Amino acid sequence: MVRLFGPLVGLFFAVALLWSFGNGAYTAIKEPAAATAEHEFHLHPKEVKFASDGAFGKFDKQQLQRGFQVYKEVCSTCHSLKHVAFRDLAALGYSEAEVKAIAKEWGAKQPTFDPKSGERGERDNIPSDYFPVVYYAGQGVPPDLSLITKARHDGGAYVHSLLTGYQEQPAELLKKFPDAKTPDGLYYNPYFANLNLAMPAPLSGDGQVTYADGTKATVDQMATDVSAFLIWTAEPKMDKRKQTGWAVLGFLLFATVLAYLAKKNVWADKH
Amino acid sequence: MSFPWANEYKPANGLTQWLDEKLPLPRFVYNAVGAGYPVPRNLNYMWNFGVLAGFCLVLQIVTGVILAMHYAANAGVAFDSVEHIMRDVNWGWMLRYAHANGASAFFVVVYLHIFRGFFYSSYKAPREMIWLLGVVIFLLMMATAFMGYVLPWGQMSFWGAKVITGLFGAIPVVGEPLQVWLLGGYAPDNAALNRFFSLHFLLPFVIAGVIILHIWALHIPGSSNPTGVEVKTESDTVPFHPYYTAKDGFGLGIFLLIYCAVLFFAPNMLGHPDNYIPANPLSTPAHIVPEWYFWPFYAILRAFTSDFFFIPAKLMGVLAMFSAILVWFFLPWLDTSPVRSGHYRPLFRKFFWLLLIDVAVLGYCGGAPAAEPFVMISQIASMYYFLHFLVILPLVSSIEKPEPLPFSITEAVLGKDESAVLNANPAAA
Amino acid sequence: MAEQASIDTSAPAEEGVRRRDFINIAAVSFAGVGGAAVLVPLVSQMAPSADVLAQSSTEIDISAIQPGQAIKAVFRKQPVFIRNLTPEEISAAEKVDVASLRDPQSLEERTKEGKTNWLITMGVCTHLGCVPLGAGEGEVKGEFGGYFCPCHGSSYDTAARIRKGPAPKNLEVPEYAFTSDTVVKIG
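Chains as they are written, first to last, in UniProt numbering: chain D, 1 to 271; chain W, 1 to 429; chain B, 1 to 187.
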């Protein structure tokens, strides 16, 4: 029975597939898929190096502090960071008192609600609070940045490329795709998936922030620093992860060699 | 059943003697995976993956039960609770990465286990039941993994749930009500998330149950082996312990090295970035893909792009995708060759490697965007997939002339077997 | 068969056997050590997570509490009573013979120097963990004018010391410090 119906079922699927294949091939020849501006002009992130790259990479705390400063002074008006708490900033090398001060002085306040009176208000942030969510009423939906570098392919380089990638729409693009002109209120950026985004270039010029450690705040420097900071917000346990990883791999390597020798012992008389 | 020369369990002291009389659990373990189970002496490293799969199940249950202590199955907070595990729970990041990559490791191991079975025709009599139970385990694993992927409630979770339950919508007449029933709503939401969590917790224990049956069925005929020649005499076997416990120990070490390298240094390599974006029912990701272990089947699903007579393309895809696994149930009866091992089947062997490449191509196409040339490639590859199992295999097994088999396992290992000489020429004794 | 295997291999030399046994024992021990190490994360994941630990201290503004009033605040997800004692309550507490108490402590020992009027205690009855009455406005304060636990009738005095009922200890005084005249940091 199986040998009778088996080939029939097999042929049934094969013929159906052949039919789909034929139809697909016919369509592909008759009406080749139209090229799109996204397809031709979208760019993959640039090569950017971060201290945290690679199996031995570690966060550069000084850089993370600079990146945090860029986030605070540039990004935080529109972008939330809701999975990160002020207390987490201790990992960037801030003392307990500094963390407390950063929380207290943070522009967006913690919303409060008095269940008795029904009154809503706000209070200063304390270290155990998460960064308060910010709302944005204008065009576009600024995403929460806590996980942005894990939510994009090659996230750190992507953020850096996006921040430094604003440019005039190439004439070549407009010549080829006249309909793809960047709409009003949007900005052209080849590193953004559909080329036009609602966020204007946030890093507009050198010296936009004044780094406490004296590093020269070029646009490229600020973009790298804030990208490094966002790599940290997405994976604050990365240093610990790699550190644990090396210990585990070292142990396993030794244990596996022992297991191999033990296996050879046991099998000595059977080969 | 076991071979007559199997070691017998002897309680070492009064306590184990007493236990053996009341509840012979040590005897059971001794006969199942101890010195009391004689195993062919010629098993190669492809025979390590059964034990490794068992290890993966334990790993997944342990890490999963722990994650369930911190996870909140509520559409409003599920995503945040996962981030809480990653950031604030002690070692939470490691436990979650261990679980997420553990699923991938489990599938790697099980795929190798299955392809071992394909090459050595481990599904053949008298081991059909072991094979059938194995396919059941694989189906249960797929269901478990799918529901597990929904739990973080990211974009891929949400849209994966929507697409896969949408498959049931392809069934004529009852499809749409069935889909609504499965989800407990019109789109994935709290109801779906909660039931998926509940079932995701339950199914691994069902899998554990079927694995016990799988091993029970294995102990009736005993393990297969690379020659495909059945065990004849005591010299063909060695006791499971210490021989294969030692070998599996080494195999486990190699497995853990690779698994931990991924876990600690590239934990998101096998995941999709979109799943770090919270679920948004109003915005579909540009490119929905399931986890890598579903890619070959996803490619088959998408290969059907045209209605076939009165059957809609979508229904054809669903039928084909499920048939692609169900066909494995019939393998023992599709392959009629008297020889088991691919080592002695020259033609079969070539098609085996072709199948392996075919599944790899299907996998690649399943992970690629649904555009040309991937659709057309996956159509050809799907065609081969079905023809391989349903047409080529029955044909090859009836026309192929196998190569000569060794007399026994002992001969295959040592180059000679004294009992073979004895049988050939009794006078020589 | 296992024994047989080791007998077979023992033929060449005693030395060899010892070395081999050693490797086998070492391999098994290593597996054991690895297994034990894995228990560390499995066990410690149940301990309070970082966000819970971050809330292990609380700052409270006490400027609005008038003498004779008390507030219930939350410290580590449990009630804490902050009471501004009146001079009468202080003298009532000081009049008691400390030696006669079940859990002998003076009011001075239970408050900060120079701030005897600020009685800060956990709002958790030392008997079985109920929340005693007496901090809220209009609540029963019990016959000793402090707190009264409705579950099993423990009465505490104006220094929150146990005076009557089944509770074995005075209400616990948490670790705290005045960070300024009006702010107290508990924990």
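The set of hints was computed from the structure by calculation and includes no laboratory data.
A quick note: this is a predicted structure, and the numbers were derived from the prediction, not measured.
Do not take every clue at face value.
Unchecked claim - Calculated cross-link-like contacts (lysine to aspartate or glutamate; reagent style DMTMM-like; alpha-carbon spacing at most 25 angstroms): (1) K77/B to D129/D; (2) K104/D to D61/B; (3) K72/B to D114/D; (4) K176/D to E372/W; (5) K264/D to E372/W; (6) K185/B to E96/D; (7) K82/D to D21/B.
Status of each hint after checking the structure:
1. K77/B to D129/D: holds (16 angstroms)
2. K104/D to D61/B: holds (15 angstroms)
3. K72/B to D114/D: holds (15 angstroms)
4. K176/D to E372/W: Given pair K176/D, E372/W holds - Cα atoms ~22 angstroms apart, limit 25 angstroms.
5. K264/D to E372/W: Not OK: K264/D and E372/W at ~51 angstroms, beyond 25 angstroms, violated.
6. K185/B to E96/D: Satisfied, since the Cα-Cα distance of roughly 15 angstroms is no more than 25 angstroms.
7. K82/D to D21/B: violated (57 angstroms)
In terms of the numbered hints stated before, the structure departs from hints 5 and 7, listed from lowest to highest.
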